[in-house]
Amino acid sequence: MLKNPFKKNSLVNKYKTLITDINALETNLKLLNDDELRVKSLNLQKQYKKTKNLNSLIAESFALTREASFRTLGLRHFDVQLLGGIILNSGKIAEMRTGEGKTLVATLPASLNALTKKGVHVVTVNDYLANRDQVSMGQIYRFLGLDTGLIQQGMNSFERRENYNADITYVTNYEVVFDYLRDNMAKNIKDVVLPTFNYSIVDEVDSILIDEAQTPLIIANPIETLDNKYVIASEITNYLQPNIDFKVDEKNKNIVLTEQGAEQIEKILKVQDLYDPKDPWIPYIINAIKANSLYFNNIHYIIQNNRIIIVDEFTGRIMPDRRWGEGLHQAIEAKEKLPIRKSTETIAAITYQNFFLSYPKLSGMTGTGKTAEIEFEKIYKLSVDQIPTARPNIRKDLPDLIFKDQFSKWNAIAQECNKISSNGQPILIGTTTVEKSEMLAQLLNEYKLSYQVLNAKPENIRKESEIVAQAGKKNSITIATNMAGRGTDIILGGNIKFTVQKELYEILTFVKNLYKKQNSPNINKIFPKIENCSQKFISVLLSLTNDNKFLSLSDIDILRVLRENDRISTPSISYQCSVEFLINELIAFNKKHQQQDQKIVRNLGGLYIIGTERNDSQRIDNQLRGRCARQGDPGTSRFFLSLDDTLLRLFGGPRVQNFIQSQLLDDSPLESKLITKSLNRAQKQVEERAYEQRKNLFEYDDVLNKQRQTIYYERRKILESRSIRNKMFEYGEQAIADNLKFLKREKSLNVFSSLMSKFTYLFLFGKSSRLLKKYIDTKPNRRLISYLFSEIWIDYYMKDLELEFYEENSFEDMGRRTLLSLNDLVWKEHLQKMTLLREAIGWRGYGQRNPLSEYKEEAYYLFQDCQIILRQLVLHSLKRSSIL
Numbered sequence: 001m002l003k004n005p006f007k008k009n010s011l012v013n014k015y016k017t018l019i020t021d022i023n024a025l026e027t028n029l030k031l032l033n034d035d036e037l038r039v040k041s042l043n044l045q046k047q048y049k050k051t052k053n054l055n056s057l058i059a060e061s062f063a064l065t066r067e068a069s070f071r072t073l074g075l076r077h078f079d080v081q082l083l084g085g086i087i088l089n090s091g092k093i094a095e096m097r098t099g100e101g102k103t104l105v106a107t108l109p110a111s112l113n114a115l116t117k118k119g120v121h122v123v124t125v126n127d128y129l130a131n132r133d134q135v136s137m138g139q140i141y142r143f144l145g146l147d148t149g150l151i152q153q154g155m156n157s158f159e160r161r162e163n164y165n166a167d168i169t170y171v172t173n174y175e176v177v178f179d180y181l182r183d184n185m186a187k188n189i190k191d192v193v194l195p196t197f198n199y200s201i202v203d204e205v206d207s208i209l210i211d212e213a214q215t216p217l218i219i220a221n222p223i224e225t226l227d228n229k230y231v232i233a234s235e236i237t238n239y240l241q242p243n244i245d246f247k248v249d250e251k252n253k254n255i256v257l258t259e260q261g262a263e264q265i266e267k268i269l270k271v272q273d274l275y276d277p278k279d280p281w282i283p284y285i286i287n288a289i290k291a292n293s294l295y296f297n298n299i300h301y302i303i304q305n306n307r308i309i310i311v312d313e314f315t316g317r318i319m320p321d322r323r324w325g326e327g328l329h330q331a332i333e334a335k336e337k338l339p340i341r342k343s344t345e346t347i348a349a350i351t352y353q354n355f356f357l358s359y360p361k362l363s364g365m366t367g368t369g370k371t372a373e374i375e376f377e378k379i380y381k382l383s384v385d386q387i388p389t390a391r392p393n394i395r396k397d398l399p400d401l402i403f404k405d406q407f408s409k410w411n412a413i414a415q416e417c418n419k420i421s422s423n424g425q426p427i428l429i430g431t432t433t434v435e436k437s438e439m440l441a442q443l444l445n446e447y448k449l450s451y452q453v454l455n456a457k458p459e460n461i462r463k464e465s466e467i468v469a470q471a472g473k474k475n476s477i478t479i480a481t482n483m484a485g486r487g488t489d490i491i492l493g494g495n496i497k498f499t500v501q502k503e504l505y506e507i508l509t510f511v512k513n514l515y516k517k518q519n520s521p522n523i524n525k526i527f528p529k530i531e532n533c534s535q536k537f538i539s540v541l542l543s544l545t546n547d548n549k550f551l552s553l554s555d556i557d558i559l560r561v562l563r564e565n566d567r568i569s570t571p572s573i574s575y576q577c578s579v580e581f582l583i584n585e586l587i588a589f590n591k592k593h594q595q596q597d598q599k600i601v602r603n604l605g606g607l608y609i610i611g612t613e614r615n616d617s618q619r620i621d622n623q624l625r626g627r628c629a630r631q632g633d634p635g636t637s638r639f640f641l642s643l644d645d646t647l648l649r650l651f652g653g654p655r656v657q658n659f660i661q662s663q664l665l666d667d668s669p670l671e672s673k674l675i676t677k678s679l680n681r682a683q684k685q686v687e688e689r690a691y692e693q694r695k696n697l698f699e700y701d702d703v704l705n706k707q708r709q710t711i712y713y714e715r716r717k718i719l720e721s722r723s724i725r726n727k728m729f730e731y732g733e734q735a736i737a738d739n740l741k742f743l744k745r746e747k748s749l750n751v752f753s754s755l756m757s758k759f760t761y762l763f764l765f766g767k768s769s770r771l772l773k774k775y776i777d778t779k780p781n782r783r784l785i786s787y788l789f790s791e792i793w794i795d796y797y798m799k800d801l802e803l804e805f806y807e808e809n810s811f812e813d814m815g816r817r818t819l820l821s822l823n824d825l826v827w828k829e830h831l832q833k834m835t836l837l838r839e840a841i842g843w844r845g846y847g848q849r850n851p852l853s854e855y856k857e858e859a860y861y862l863f864q865d866c867q868i869i870l871r872q873l874v875l876h877s878l879k880r881s882s883i884l
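Quick note: the sequence shown, position 536, residue 536 per my numbering, numbers continuous.
Be aware that one or more of the hints could be misleading.
[Unchecked claim] Dumping the calculated EDC-like pairs for lysine to aspartate or glutamate here, alpha-carbon to alpha-carbon at most 20 Å: (1) K502 <-> E580; (2) K267 <-> D249; (3) K706 <-> D183; (4) K497 <-> E446; (5) K833 <-> D702; (6) K717 <-> D824.
What the hints contain is simulated information worked out from the structure, not anything from laboratory work.
Make a model of the complete structure from these sequences and hints.
So this is what it looks like as structure tokens:
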């Protein structure tokens with residue numbers, strides 16, 4: 001039964017009966033053995049097959065999943081977690097605070113919907129989380145007789161298809177979208193990896209469906225690039241002055257070239273017109289200025305292996321496979337004097353909005369979804385329900401401190417760290433860029449404080465999960481660029497799992513290397529770390545020295561065994577059982593110390609969060625605050641701001657700026673409700689602007705999406721069909737109709753001549769031209785159409801017989817290849833036309849016309865032309881095809 005703290009919650013009251021039903025089943029399920037529980041799960045699958053109704057199975061399925069979780073992981077779902085599972089199964093977003101166990105909650109609707117055998121996709125933000133969740137939660141699913149899949153970078157088509165065909169598949173948003181695009185470019189049905197979509201649970205749903213939905217995902221091919229233009233444009237920026245030759249619009253990340261600037265550049269280049277369509281310089285110049293004025297190293301990107309790698313502004317992670325489009329990436333490469341990689345042309349694209357809307361059933365979970373509820377409802381038709389915490393939240397959010405400049409702010413942060421860390425309280429500092437995290441690290445060096453840095457630099461990324469896991473340890477200071485979607489729990493007193501892995505790694509590598517030097521060494525005298533361990537621990541450790549497979553492992557292999565030990569449900573290699581035993585022994589041994597450390601850190605006030613700048617979105621700030629005070633733990637958060645922070649400078653307004661300057665006469669900070677309100681308003685403005693941009697992107701892409709669905713549907717039919725004969729007849733008959741309509745509109749005086757010129761491209765009429773003239777001169781035109789249709793059929797069968805002479809089904813195979821190749825070619829060219837149309841259509845707003853309406857109308861005619869061109873190209877290619 002739900003307890004009193006949630007009594008007045010309307011959401012709890014709505015589902016109280018269902019939660020009571022789930023709890024009522026628990027007693028009987030505990031009496032069953034493991035096999036009997038699996039039979040129960042199998043019976044649920046049979047029930048669904050009969051009724052096709054999942055709602056009637058919710059209570060029993062949730063109760064079974066909870067019992068399976070307790071038996072495999074030792075974790076029992078709280079009532080509020082059951083509530084979260086119900087919300088997810090209802091096709092909504094469950095907002096649950098950090099540390100409330102969202103990963104475990106997802107197992108409830110995943111298990112229930114897996115009964116349909118149509119597949120469930122659990123979408124996470126990175127490979128680490130997908131791997132971790134599939135390994136840990138997979139134990140629950142396997143216990144219930146369900147299989148799980150995992151999609152990771154580097155997998156081939158066969159591995160991907162096998163994993164997608166599992167009952168429940170863990171995959172990142174990035175991988176699943178690109179698999180979808182690649183599937184719709186496949187030349188063979190065997191290369192298609194995704195099954196028909198059924199149900200998706202999106203973890204960190206606001207990060208994926210909002211933050212990452214700013215730009216479409218694109219597959220592109222490289223094309224020839226004029227490298228010298230990027231280099232010359234980059235050099236020209238050295239001779240241009242801001243506010244004289246160009247103006248920078250930081251809010252919109254745009255550049256406006258002044259008339260004086262345009263004349264200056266034309267003189268330098270010795271050209272008449274920067275906008276000359278035959279030799280345009282303007283896009284290169286604009287991008288070069290953007291690269292110098294708006295995009296900076298260690299803020300928007302890092303340089304790695306002579307390449308520009310984009311840094312995700314929301315998660316602080318690098319995105320090695322992403323590139324800025326429209327020449328901007330090349331302009332930044334020219335600025336940094338790096339090799340300029342080729343430009344690209346789009347061959348497939350889709351937005352996150354339209355991709356996830358293709359799931360019949362969609363839900364998500366996050367710690368910070370309510371602030372974006374309007375966008376979720378308007379675009380994704382997803383409402384957000386706040387789930388109460390299992391224990392009361394006792395976090396203290398202290399007022400913001402505002403300083404007059406950056407120097408005063410960063411000094412104050414360093415002093416605060418020195419003061420707080422003096423008693424051992426752990427500190428987590430959130431910065432917005434790589435550059436600022438490294439600058440703060442240097443400041444802390446002056447106070448001789450030890451710290452860990454987590455930012456987009458490769459050397460830090462490798463230790464990400466370990467750094468985050470130990471951020472709650474006594475005396476620790478962690479500097480992190482953005483904490484969105486890190487996924488590792490920050491446990492007060494430190495995370496015992498990572499401590500044990502590190503300790504056992506040292507022991508195992510020491511023992512292995514020592515044994516190679518001397519047989520039967522006296523380990524407990526030589527290695528002090530195991531002095532206090534049990535005799536059984538030492539015996540098992542010694543047994544490994546007799547295992548040749550273990551002794552053949554490298555140090556890296558041992559580390560891999562320790563980190564992947566959880567995924568092995570039944571150890572298949574001899575040393576795995578021993579390693580599992582040693583891990584459990586060390587956990588039991590270290591648990592007492594960890595509990596003591598946890599108590600000490602709680603008494604110190606828990607984790608102390610320091611924000612060094614307000615982000616553009618309140619959700620990102622809340623994600624940082626949410627890293628402390630999990631599951632009833634204490635915690636404190638405070639933001640340190642300065643007058644010249646980006647948000648205050650661009651959106652604060654002159655009234656706020658003047659007020660702060662009049663109040664800040666020295667280095668002392670200011671606490672002001674006016675400033676806090678102003679910052680909240682500024683964040684709201686930025687969020688509204690970003691929402692409008694995403695909404696605009698969605699509305700325009702929705703037009704293209706309808707066309708995309710048509711193209712992809714037709715393409716899939718060609719891939720799956722045994723014969724393309726009917727499709728060829730359909731294309732031929734439609735091509736005839738297209739040309740007759742054209743001639744009717746043209747009202748040509750010489751109909752025969754026009755018709756012959758049109759159809760000679762499609763068919764080889766030869767001697768039948770006289771017969772064709774006869775039908776043209778005769779009315780009605782039905783006879784003409786019948787004649788042309790018969791020509792199509794005769795042409796098809798003649799070509800089929802001709803090619804079949806060499807090889808059976810050769811015309812079918814050639815036809816299918818031709819259809820798919822031309823489909824892709826025409827679609828690629830259509831995408832380029834649509835991009836140009838999108839760029840040009842905005843100017844029509846100045847003529848009091850609605851650009852979106854104009855875009856829809858123009859797009860309709862472009863798509864009609866695209867279809868006509870496709871049909872004619874297919875017939876022309878097949879008629880003239882040959883296997884010789």
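Against the structure, the hints:
Proximity of K502 to E580 is assessed by CA-CA distance (about 14 Å); at most 20 Å being required, the pair is judged to hold. Annotation: proposed proximity of K267 to D249 is violated, straight-line Cα distance about 25 Å (limit 20 Å). Straight-line distance between C-alpha atoms of K706 and D183 comes to about 18 Å, which keeps the hinted pair within the 20 Å bound. About 33 Å separates the Cα atoms of K497 and E446, which puts this hinted pair outside 20 Å; it is violated.
With a CA separation close to 16 Å, the supplied pair K833 and D702 stays within the 20 Å bound. Taking the CA atoms of K717 and D824, the gap is near 14 Å; set against the 20 Å cutoff, the hint holds.
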